[in-house]
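**Student:** The residues making up each chain are set out below.
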Amino acid sequence: MTQTLIDVRLTVNGEPVERAVEPRRSLVDFLRHDLGLTGTHVGCEQGVCGMCTVLLDGEPIKSCIMLAVQADGAEITTIEALNGEELHPAQRAFKEAHGLQCGYCTPAFILTSVALRERGLDIPREELKEELAGVLCRCTGYQNILTAVETYLAADD
Amino acid sequence: MKPAPFAYERAASADEAVAMLDRYQGDARLLAGGQSLVPLLNMRLMQPEAVIDVNRIPDLDGVREDNGHVRIGALARYSAIEWSPIVGARLPLLSEIVRYIGDRQVRTRGTIGGSLAHADPTGEMALAALALDATIVVQSPTGTREIAARDFFLGPYFTVLEPADMVVEVRFPHHTMVTAFAEHARRHGDFCVISVAALGEPDGDAGWKTVRLAVGGASHRPFVADEASAALSNTALEPDAVEAAGAACVEAAEPSDDIRASADYRAHLLPIYVRRVLDQMKARRSQGAT
Numbered sequence: 001m002t003q004t005l006i007d008v009r010l011t012v013n014g015e016p017v018e019r020a021v022e023p024r025r026s027l028v029d030f031l032r033h034d035l036g037l038t039g040t041h042v043g044c045e046q047g048v049c050g051m052c053t054v055l056l057d058g059e060p061i062k063s064c065i066m067l068a069v070q071a072d073g074a075e076i077t078t079i080e081a082l083n084g085e086e087l088h089p090a091q092r093a094f095k096e097a098h099g100l101q102c103g104y105c106t107p108a109f110i111l112t113s114v115a116l117r118e119r120g121l122d123i124p125r126e127e128l129k130e131e132l133a134g135v136l137c138r139c140t141g142y143q144n145i146l147t148a149v150e151t152y153l154a155a156d157d
Numbered sequence: 001m002k003p004a005p006f007a008y009e010r011a012a013s014a015d016e017a018v019a020m021l022d023r024y025q026g027d028a029r030l031l032a033g034g035q036s037l038v039p040l041l042n043m044r045l046m047q048p049e050a051v052i053d054v055n056r057i058p059d060l061d062g063v064r065e066d067n068g069h070v071r072i073g074a075l076a077r078y079s080a081i082e083w084s085p086i087v088g089a090r091l092p093l094l095s096e097i098v099r100y101i102g103d104r105q106v107r108t109r110g111t112i113g114g115s116l117a118h119a120d121p122t123g124e125m126a127l128a129a130l131a132l133d134a135t136i137v138v139q140s141p142t143g144t145r146e147i148a149a150r151d152f153f154l155g156p157y158f159t160v161l162e163p164a165d166m167v168v169e170v171r172f173p174h175h176t177m178v179t180a181f182a183e184h185a186r187r188h189g190d191f192c193v194i195s196v197a198a199l200g201e202p203d204g205d206a207g208w209k210t211v212r213l214a215v216g217g218a219s220h221r222p223f224v225a226d227e228a229s230a231a232l233s234n235t236a237l238e239p240d241a242v243e244a245a246g247a248a249c250v251e252a253a254e255p256s257d258d259i260r261a262s263a264d265y266r267a268h269l270l271p272i273y274v275r276r277v278l279d280q281m282k283a284r285r286s287q288g289a290t
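Here the protein sequences line up with chains A and B, keeping their order.
Numbering of the first sequence is given in this note's numbering, commencing with residue 1 and proceeding in unit increments.
Numbering of the second sequence is given in this note's numbering, commencing with residue 1 and proceeding in unit increments.
Honestly, I wouldn't trust all of these hints.
[Unchecked claim] In the EDC-like style, the derived pairs of lysine to aspartate or glutamate whose C-alpha atoms are separated by at most 20 Å in a straight line are:
| # | chain 1 | residue 1 | chain 2 | residue 2 |
| --- | --- | --- | --- | --- |
| 1 | A | K129 | B | E96 |
| 2 | B | K2 | B | E49 |
| 3 | B | K2 | A | E22 |
| 4 | A | K129 | B | D190 |
Think of the hints as simulated: they come from the structure by calculation, not from any bench.
Whole structure, please, built from the sequences with the hints as guidance.
**Tutor:** Right, here's the structure in full:
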């Protein structure tokens, strides 16, 4: 069945993007397959594991359960936005605290942390667990991830 | 998995949304936050002809006070409700319960209207609407009507909503009761196995004039446990009264087996959570919380 394509215009990592998409295209498939931004990962495709977390107008969302057409006019931030000559402070904190093993969940944790820092809250570790509960990690046991996020949120730069 | 193909419509107003629903004659779904609908589309458990996106409808996400009520627009996101100073001051039970819904990403997107229309029997928002005696404002092609939360839910994922109806607002009356909430879930952030909310109006030194208990996860729909509530009203929540209320809740419940728990386990948990939530309510009263 041929589907009517719908035009979408949005901003991805600061760059304007214009594409025609099938209505059923998920935002994560749009980012990965149409834009080639494969730093956003796919896990469960049902909104449970959080691997596909990106920022929608600065807030974390699961891009497997948002349609690409819904992002029309929005500003999307993926892990690729943190690319640079030097490590982003969040990346540095994860490296220093050894906050990753296989790395599959790391983009989601880092983006969630970036949004938390934007909110500018001083968050105790117990509450931090709550804020990070939407991203699963099957390797680390979370302790080093929590330490990394704490370090990043407390850093001056 | 990927969804089956569907037509995508974008409604600019509630009038337009219900007109579109009417046109598709029951084969279209409203897309609000999408945190329940899109997983169902992805798993192809739902294959509607059309999805009608209501996210662009203006002025439908407000939280405001009006004449003894807190009025919450259907598109208000869980995070907005969680962080709303009005909800915090007037409806602390709602502030508390909303934190049990999903996780931060889900709360960024999920909406109060979508949650009520979806009517998951374990859903926290449905339980809050029942416990807080909310009124659900529904728009149809012929006008709007108000439905009491206790008349709204009929069964699992089943409400009194007609195919061309859209939830546009939820109204919560102000109250001065002490509130408490407890739920059991197998994993943090998972759908609950059982949940109980309690509201009580203090009377005298240690008495309680009226108590209301609402129960989620224990039946095909969340419900207000009227007999249990009556067993607790005009008592001091003595052990006998609490035990009678727990038994009355089990009597009123129709638990079922599912992937998260057996019916027997739900029936076992229910009186335990009734006791816990009432203990919490008493503790909060002595701490001066309302």
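**Student:** Holds or violated: K2 of chain B with E49 of chain B, Cα cutoff 20 Å?
**Tutor:** 15 Å, holds
**Student:** Assess, step by step, whether the Cα of K129 of chain A is no farther than 20 Å from the Cα of E96 of chain B, and give holds or violated.
**Tutor:** Roughly 17 Å between the alpha carbons, so the hint for K129 of chain A and E96 of chain B holds.
**Student:** Would the hint linking K2 of chain B and E22 of chain A be met if the CA-CA limit is 20 Å?
**Tutor:** 12 Å, holds
**Student:** Mind checking the alpha carbons of K129 of chain A and D190 of chain B for me, to see if they're no more than 20 Å apart?
**Tutor:** It holds: about 15 Å lies between the C-alpha atoms, which stays within 20 Å.
Taken one by one, the earlier hints all hold for this structure without exception.
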